[in-house]
Amino acid sequence: MDLADLRVFVVEDEALVLLTLEDMLVDLGCQVVVAVQHVEEALRLALDAKVDIALLDVNVGGTRIDPVAHILATRGIPIVFVTGYEAASLPPSPPGAGNPAVRIAKPFQSAELAQGMVQALRRVESPS
Amino acid sequence: MSLAGRKAPRAWPAALHLLLFAAIIAIPLLALLGAMFYRSAVQEHRRLERLIGQELAELIASLERDIERRTAVLQTLATAPALEAEDWASFHRQAKASLGKNYLVLTDSTGRQLVNTFVPHGTEPGFTGDLATIETMRRSMRPVVSNLFTSPVAKRPVYNVSIPIPTAGGTGLRYAMSLGLFPEDLRRLLQDQHLAADWTTEIWDRKGVILAHSHEQERRLGETVPERWREQPLGRVVQGRSLDGERVLVASDRTATGGWTVRVSVPARLVDATTRELLWAWGVAAALVTLLTGVTAYVFGVGFTGPLGATARGAAALGRGDPVEVGDTRIVEVNAVNHALREAAERLEQSRTALRYSEQLLGTAADVAHFGAHQYDAVHDRVHRSPQIRRILGVGPGEDRDLESALDFVHPDDRKEVGLRKRQILASEQQYQLTYRIRRPDGEVRWVMDRGQVERDAAGKALRVVGLLVDITDLKEAEERQRLLFEELNHRVKNTLAIVQSLAQQTQRSKSDPQEFTRAFGERIMALSRAHDLLTRTAWRGALLNQVVSAVLDPFSAYAGRIEVSGDAVELPTSITIALALMLNELATNAAKFGALSIDAGRIEISWTVTPMKTQDGEGVVVDFIWQEHEGPPVAPPKHRGFGSRLLAASAQQIKGELDAQFAPEGLRCRLRFPVPARTS
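Residue numbers (my numbering), protein chains in the order written: chain L, 1 to 128; chain B, 129 to 809.
By construction, these hints were calculated from the structure, which means they are not laboratory data.
Check each hint, because a few of them may be wrong.
Derived SDA-like pairs: lysine to any residue, alpha-carbon spacing no greater than 20 Å straight-line [what the hints assert, rightly or not]:
1. Lys622/B to Gly61/L
2. Lys639/B to Arg64/L
3. Lys784/B to Glu41/L
4. Lys784/B to Gly62/L
5. Lys639/B to Gly772/B
6. Lys784/B to Val34/L
7. Lys784/B to Arg64/L
8. Lys604/B to Phe614/B
9. Lys622/B to Pro107/L
10. Lys639/B to Asp27/L
11. Lys622/B to Ala111/L
12. Lys622/B to Leu90/L
13. Lys224/B to Ala208/B
14. Lys622/B to Gly62/L
15. Lys784/B to Pro107/L
16. Lys721/B to Arg637/B
17. Lys742/B to Arg801/B
18. Lys622/B to Arg64/L
19. Lys639/B to Leu43/L
20. Lys622/B to Asp27/L
21. Lys784/B to Leu43/L
22. Lys622/B to Arg103/L
23. Lys721/B to Phe645/B
24. Lys622/B to Trp668/B
25. Lys622/B to Ile104/L
26. Lys784/B to Ala35/L
27. Lys784/B to His38/L
28. Lys224/B to Gln241/B
29. Lys721/B to Asp641/B
Isolated chain B (complex conformation):
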């Protein structure tokens, strides 16, 4: 599954996620809480409303009962015989006695006052002040409750409860009997409810004039209530304003009898207070929850982001290849990731160490073995060289080049061939091995072996060539030296055989007797052999002159006390060593046969001097060698040139020396002066 194509989702910090999580829990809770508080508030409100309604109903009932009681009183008085008898003075007396502070007014159907207990009988005013009641009663013949009016008699605001006294036939109004009442009684009625001080109750008459007010009786009595109050719906609690402008909850209703309005109002602030309290409570709760949420989200968020941040840094370090330092946290999953990161880092470090080690090994091996790796990108025609190859080629660091210019390092003589071969290999071959010369920028020529493989694609087109270049110059030089050595060996062997052959032939010429031949030939061969031994000890580089002399004289050890050797040390090259050995052997053999060694008294003095000499090759020396025989038998120059003298002469020539042989009477004196060239190899 590839993640590459998908759009990355928007990422938020962990703290924000936690905040969201907390909010998702907290907000509904707060909403719930708010709803509960709201319900509480509403219920409170309703409770109050109910209370108001209840009080109102009670007040209405109370008022109606009061009116009923008054009516009942009137009814009772209406049965008084004095009334029937029209004994107004008695009736006056009777009525006054039964009533307290209230007074009775009896009028005829026209409104003429017949009895008024407020004043002494006989002083009744002419007509009632409350004609409206008479009118109403005449029409309805039922009890009437009046509005507030000012009594001419009481000279103050009063109200009436009146009953009609019908005529004998029952159809018309005979008399109207009213009970004069004072608004203060109504007020008492209101106060008897014992409502809380905030509650305000009022009673208005049918004109909206205030008859009683629970708090401000004196002030409000007689005031007309505002129009809008009278328009308020009955029996329901509504919001309104008090006369002082305060917001109130108010309910009003009418009495069945009289049609008066009772109004109950409660300042809204009571409910408001509760609502405000609840709001406050909710607000505090919300604030607390928000704070708690915020803080907890932050704290826990940090508890996440801290470790996660450390993990992220650890992962980045792993990516860079730096050490991963992530400790353990309190979060299990993060710890798991950290653990995996540490392990990955360890494995990476291990494999890097192994890689470094193997690279070092390879590098060291490459350096030691003088090989280097190279790659050729056939697709882009680019040759890439490793540092080791650059060292072999003698070039410094540089850019990759194309194949053509990369062939510059090949020796001009080999370049064409190598180029051809390489193109052939690219075209069709799988593995290759080429040996050719390179020429370094400083001119030095080296031999290299170039081996490698061609990688091809499915179609067979060359993709890459991976190869190894090994500097085999040392090998080649060793090969060459070996070849020269073999040739040299071959030459020497052939030469030696030729010498042996010559020795045989020469010996045979002078020693016809087979036994003599064998002895003489044997001796000469031995001399040659000893010279070879000497040279072998120095790997055929040459020998010291005194060593040559010793070697030659070795078979003549019997005569050791009679031979004196002296001279400075001087190194002789191979060719001179052998020639000289043969020469000295001849001299010694002759001395033993015919010369100084052939008699007891004879002795030989061998001496030489070494003198430096400048040659074209450098500092060489000249050796002046003298073989002096003493007290030997008398000698004379030989008549024929024997092998010995021929050999001496030819050998002297061979080593470019000057030979001077004197056959003096006291003994042979052989002087040989020859150059020893400066050692060139």
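Chain L with its partners taken away, still in its complex shape:
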């Protein structure tokens, strides 16, 4: 699947990780439309942002991403969760959204990122 020109919504608080993520996405041909480092900012933008996929850090500087994930999932936007916790629980899927979570763990390579994004996109297209 081609990830080119996908508009991406990124939430990641660690500056360096964000930079690397942005670079990876750019290398994959995506467009980083939103790149925020705090949940409050993400919340403001989640309702209206015109994006095709979201990359969300689960624990954003101590705050969980759940509300943002909820909004995006309800909008039908595929989500890839980026986590540092092995055991950390992912935000639950909102009822009816039919959008089970995809997760990749830090640190990750570009290939893993791409794989995760493809997985997420596929799930949204054919939720079974």
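Put chain B on the given structure of chain L with help from the hints.
For chain B alone, coordinates are given in the frame of chain L:
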């Protein structure tokens, strides 16, 4: 052997026992003594009786001898020829000469007086006054002793001893010859016995008329004795009364000749006196013995009851658990008991001390370890809680409750499960261990571990559950903290790895030369490492801003004289520390490569201010940080956004700061204003 069923014997005081003991000895002794005294008295009595008997016999014999003598005199005179010749004047003369004060009377068979020596011959009265004798002699032809009669001649009371003088043929009475005698002679006879003054002797004639009386001759002569005297048995000592009414011992007997009665009497008071003396003696002895017995029994009784009472009190004290204070007594057995009591008390005290000690130990251990014991009586459905458990549960003292209500202390969320488990355990399990939450009356929630054992009877029915409740809240909280710590650690490690990865990728982007890459990457890693070191020193709680600056500038020590640092102390949390460290490292590295540090004249001024700020979490501060480069080479804003500026921008965002980078001709001016929230943890 059980003592429970036996009826208790009646108990008497020791003194009473001793009294009984003394009485058992004393009474037979006293009885014996009494018997001896009685025998004595009886013997005395008998002795007297014998004496009386003896005297009587002697008197009788004496009287009979006297009568015999008189008869003999008469017999002698009866042979006088004058009598044969009937020469009365001569006979008169002869008779009078041979007799003393006594007189002779000779009568014929009719009683006509032929001779009477009391009067001159020829003046004899016609007839004798004592016809009875003549009558008797005529019949029996034997000597006769008369009763008392008044002699017409002597004109006083007299008596006769008479013999018959038979006729020639020997068949009839020819003459009767009598010797006239005076009662005074009899009296002399009595007195010749030389009896003691108390003894009274009498002689009566056949009519019971008193002829002689040892004491009162004149008074008693001629008196007739009372009828009852004459009825008294002969030859035996009996009790009677004297003429004066006195009680006497008396014996009487009759002479063979004449049939007179001799009576000997002794006042009973003589015997009485002896008897009374003996009685007194016995009485005194009895009293003394009784007194002695009583006193000794009492004294010895007290000698027993005193020590025994002390022993009893000691035993009672032992039973109560009080100290036992019983000394030694004079009784070996009591001492043995006392000794045993003292030992028992000592052992009891020792074991109590040990018990107290172990209880204290247990109590202290329980308090220190926050555990408490509890018991459940399955038979009566009663839960018993120790004081330590009550402390854990946060309840005050109270009554034992049943299992259902005792589960109230379990947290509502765990209550159903715990109740179920407990019932299962009761039904069939032996040992158990449960972990659950409790909720105290004040609302506080604690974690407890409940471990215990079920005791069952032979049939397998639960009797008792004995258990221990340990407050493991601290443990749980520590577990939780540890878990969070691990998660935190994991997160950091992952994050750090991600950062390192990013650093590698970013460095790689701009430094294609492997050597350059290695150097630049190495430097950045070192900066990160130093930031970590800083944080490790404070256990990852944060660091002071000036420490962060120092750490970052450490590899740039060569330029130390050209860098000025100033600013108030301010504590930065972990996240800001790392971000800031990376930012400053970029600035410093750039300064060394292209900026103020790249030429000798250049210098850097680092300064910041700290301003208090109210946040929703409390009092935070705002740090206004300025990186000012001076006299460096001319700089211009870069054409491309390099890694450094991207990093600075993103890092500033990360710490919610405002970044203002000015590339002025005199040098780079970087201003960063960022909040430091109030420390919440």
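Do the hints match the structure? See the list:
no.	hint	verdict
1	Lys622/B to Gly61/L	holds (14 Å)
2	Lys639/B to Arg64/L	violated (36 Å)
3	Lys784/B to Glu41/L	holds (11 Å)
4	Lys784/B to Gly62/L	holds (14 Å)
5	Lys639/B to Gly772/B	holds (13 Å)
6	Lys784/B to Val34/L	holds (17 Å)
7	Lys784/B to Arg64/L	holds (17 Å)
8	Lys604/B to Phe614/B	holds (15 Å)
9	Lys622/B to Pro107/L	holds (7 Å)
10	Lys639/B to Asp27/L	holds (18 Å)
11	Lys622/B to Ala111/L	holds (18 Å)
12	Lys622/B to Leu90/L	holds (17 Å)
13	Lys224/B to Ala208/B	holds (13 Å)
14	Lys622/B to Gly62/L	holds (15 Å)
15	Lys784/B to Pro107/L	violated (24 Å)
16	Lys721/B to Arg637/B	holds (18 Å)
17	Lys742/B to Arg801/B	holds (16 Å)
18	Lys622/B to Arg64/L	holds (17 Å)
19	Lys639/B to Leu43/L	violated (37 Å)
20	Lys622/B to Asp27/L	violated (23 Å)
21	Lys784/B to Leu43/L	holds (16 Å)
22	Lys622/B to Arg103/L	holds (15 Å)
23	Lys721/B to Phe645/B	holds (15 Å)
24	Lys622/B to Trp668/B	holds (16 Å)
25	Lys622/B to Ile104/L	holds (12 Å)
26	Lys784/B to Ala35/L	holds (14 Å)
27	Lys784/B to His38/L	holds (9 Å)
28	Lys224/B to Gln241/B	holds (15 Å)
29	Lys721/B to Asp641/B	holds (17 Å)
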